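**Student:** Okay, here's what each chain looks like letter by letter:
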Amino acid sequence: MKKLQKVDYIKMYSFMLKIRRFEERAAQLYGMGKIGGFCHLYIGQEAVVVGILMTIDKNDSVVTTYRDHGHMIARGLDPKRIMAELTGREDGYSAGKGGSMHMFSKENNFYGGHGIVGAQVPIGTGIAFTHKYNGEKNICRTYIGDGAMNNGQVFEAFNLAALWKLPVLYIIENNKYGMGTSVDRAAAGLDLYKRGEAFGIPGEKVDGMNVFSVIEAADKAGKYVREGNGPYIIEVQTYRYRGHSMSDPAKYRTKEELDNYKQTDPIETVKAEILKKKIATNDEIEKINKDILEEIKNAAEFATNSPFPKDSELYTDVYL
Amino acid sequence: MSTEILMPALSPTMTEGNLSKWLIKKGDTVKAGDLIAEIETDKATMEVEAVDEGVVLDLLFKEGEANIPVNKAIAIIGDPNEKVEVKKEAPVEKVIEEKKIEKNIETKIENKKDDIIDTPSPKIEEDRNLSSEEITMRQALRDTMAEEMRKDNKVFILGEEVAEYQGAYKVTQGLLEEFGKERVLDTPISEHGFTGLAVGAAFKGLRPILEFMTFNFSMQAIDQIINSAAKTLYMSGGQINCPIVFRGPNGAAAQVAAQHSQDFSSWYSQVPGLKVIAPSTPYNAKGLLRSAISDPNPVIFLENEILYGLKGPVNNDINFSIPIGKANIEKEGKDLTIVTYSIMLQKSKEAALRLKEEYNLDAEIIDLQTLRPLDTETILNSVKKTNRLITVEESWPFGSVGSEIANIVQRDAFDYLDSPVIKVNSADVPMPYALSLEKLYLPQVDDIINAAKKVSYIK
Chain L
1 MKKLQKVDYI KMYSFMLKIR RFEERAAQLY GMGKIGGFCH LYIGQEAVVV GILMTIDKND
61 SVVTTYRDHG HMIARGLDPK RIMAELTGRE DGYSAGKGGS MHMFSKENNF YGGHGIVGAQ
121 VPIGTGIAFT HKYNGEKNIC RTYIGDGAMN NGQVFEAFNL AALWKLPVLY IIENNKYGMG
181 TSVDRAAAGL DLYKRGEAFG IPGEKVDGMN VFSVIEAADK AGKYVREGNG PYIIEVQTYR
241 YRGHSMSDPA KYRTKEELDN YKQTDPIETV KAEILKKKIA TNDEIEKINK DILEEIKNAA
301 EFATNSPFPK DSELYTDVYL
Chain E
1001 MSTEILMPAL SPTMTEGNLS KWLIKKGDTV KAGDLIAEIE TDKATMEVEA VDEGVVLDLL
1061 FKEGEANIPV NKAIAIIGDP NEKVEVKKEA PVEKVIEEKK IEKNIETKIE NKKDDIIDTP
1121 SPKIEEDRNL SSEEITMRQA LRDTMAEEMR KDNKVFILGE EVAEYQGAYK VTQGLLEEFG
1181 KERVLDTPIS EHGFTGLAVG AAFKGLRPIL EFMTFNFSMQ AIDQIINSAA KTLYMSGGQI
1241 NCPIVFRGPN GAAAQVAAQH SQDFSSWYSQ VPGLKVIAPS TPYNAKGLLR SAISDPNPVI
1301 FLENEILYGL KGPVNNDINF SIPIGKANIE KEGKDLTIVT YSIMLQKSKE AALRLKEEYN
1361 LDAEIIDLQT LRPLDTETIL NSVKKTNRLI TVEESWPFGS VGSEIANIVQ RDAFDYLDSP
1421 VIKVNSADVP MPYALSLEKL YLPQVDDIIN AAKKVSYIK
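Taken in order, these protein sequences are the chains called L and E. Those letters in the first sequence? Residues 1 to 320, per my numbering, in order. Those letters in the second sequence? Residues 1001 to 1459, per my numbering, in order.
No wet-lab data here; the hints were simulated from the structure. Be aware that a few hints might be false.
Below, a list of computed lysine to aspartate or glutamate pairs in the EDC-like style, where the Cα atoms sit at most 16 Å apart [unchecked claim]: (1) K165/L with D1186/E; (2) K165/L with E227/L; (3) K132/L with E1357/E; (4) K165/L with E1357/E; (5) K34/L with E301/L; (6) K1025/E with D1042/E; (7) K1453/E with D1375/E; (8) K1154/E with E301/L.
Facing chain L, a subset of chain E residues (Cβ under 10 Å, in silico) [as the list claims (entries may be wrong)]: (9) H1192; (10) A1221; (11) P1373; (12) T1376; (13) E1377; (14) A1427; (15) P1430; (16) Y1433; (17) N1450; (18) K1454; (19) S1456.
Here are the simulated distance ranges between beta carbons [claimed, not checked]: (20) N134/L with E1177/E: 56 to 66 Å; (21) P1069/E with K194/L: 30 to 40 Å; (22) I1318/E with G180/L: 50 to 60 Å; (23) P1373/E with E284/L: 55 to 65 Å.
Note that the coordinates shown come from a computational prediction; the quantities given were computed from them, not determined experimentally. Quick reminder that beta carbons are idealized off the backbone N, C-alpha and C, glycines included.
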């Protein structure tokens, strides 16, 4: 397993907290009518993307679902411009034309942000195909929600990836619900990580509330894929604290269930580890907390002051 | 009692075959199921089995003989002890039967092929680089892909049976041999998956050519084409383009019925972010496919199975291209305008000849070549000259390309019209299987003539 330095602990904590503070602010802006449409929050799932992030190369590619804000922050993208996309402004990553679900940053190898459940899976497989075609040593991380694991094109992509030995790491973020339908009401067979078995794709299940477990699994899987052995599946057991989207009251689950997961909160787990290992003091952590709060506040400020796209932008970017 | 072995029809569109090899010789005894010959069709070389038993009394064609019509006797088998009489003239009864068969075949061919007129348009004849040799549309497409693959390593082709099988319609013949399996990839029958994969590869900078065995199967993948390929440039604020060509045969083949005979031109033409091309000759297939492969946007390239065998001259300059978005005035005329594309160009040309002969009507024919973006200027200029318009296409009538043209023309050239615009489309039903009904379903030359008479107020 990757040897973690002190600086790594701080990095993990900061990124996870930044994601949470960002999402909380996004929820607030949504409530104020500054963000429209669909808005899917990542709160509770922070350890997944941050854990994976600790093991990757900057030239690796990534493609994910519509629950993408946290993924962009973890990729090191600017929260100001992410928030400006959520508010539909010209400084947003997609110039205000994509919105919450459709954000991209080509220069950072971030290929979306896809609004159609399952569609990103063949696409990520194709990006991995390109890495191989070009003789690059990079891999494509392709995130999949548990809901998409019942979608046909996912298995078509698995078959192609295994058949052509493509450097793709599939990460199933199993947050237990596809919209309002729990996994056990949607999937026949709950071991989603085994769904590549028929294609010869190895898979494993990981505790996604614990960032250290994610790192360990991602490190091992990443090496396997990078060495040219073909695809690998990690199923990360996680939980979203909020509803599917902003308009979801989440009445399909109990308060006890939610509270139970909060007992294993991923950010608190890292914080406890930092204090235990004396990597930072309480005061130093407070300082980080304050800085992040400030950064996100500024992002919200920026995103609500950035101008709306010009009317003439309606007709641009249809064709290159 | 001797039996004739006839040239078999080995594919829905086969009308003649080449005898590449005899696997029997005179005097051999054959049993039902024995291989007797190798026949090269429009799609592949296939072995033919005997159905009847007996001794080979005569082989009527030599190895290598080409263009032998379907149902022509190629060998005679029978009992050698009987007095053998290879008849030069078949008995009367037989002749009638054969005539019937031939007529049947003729109808089939007429239905599909004899409206195909391959006189080059004036524009093509002006081309100084025109080849003296005529090649098929199939070869024109193949050559263009090969030329572009030689120029740019990022261009690759994937699809079902494109590599080892050499293409379900032989359009990719020889590409595997020249470019290897890294650039010519057989996919599983998995349109949704491999289309998404190709779109991802295009996002990441490759330039895939994706062959749909037919566009009917693109329905399995239409989400990736529309929601991913067509929209991502816009949704990413101009960051991520998708340089991909989706190509393959579109529209009706011959008697393959409802699920395998459908024209998708207006479906795809409705989508911003896509460009849609429908070539009609080897010449424009070459020029347009080059433009499609070079284009930084997703392009739907609608070929036609019946046209794959159409021969014509081409421009062999490896940089020759025809711009996307430009229609071709195939024939100038003053009395009415026929706007058409793909295989219906050929039927429209036949109709124009008869309109001149029978009604002294001089029709102008516009071959759209590109459906999106549509060359409205060329259409409007023509209508302003002729004052009458018919559109001819193979798609269903509701919301067809012709419907949009009718809308544009009534909006922008209302005062120039001397009669309502008339659309000629396929029947508004699923494609039937029966030969007779299939012919009724598809627009025929007579339908075009009737529409032309109507806009010209000729009873």
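**Student:** What hints, given by number in increasing order, does this structure fail?
**Tutor:** Numbers 3, 4, 6, 7, 8, 12, 13, 14, 15, 16, 17, 18, 19, 20 and 21 - these are the hints that the structure violates, sorted from lowest upward.
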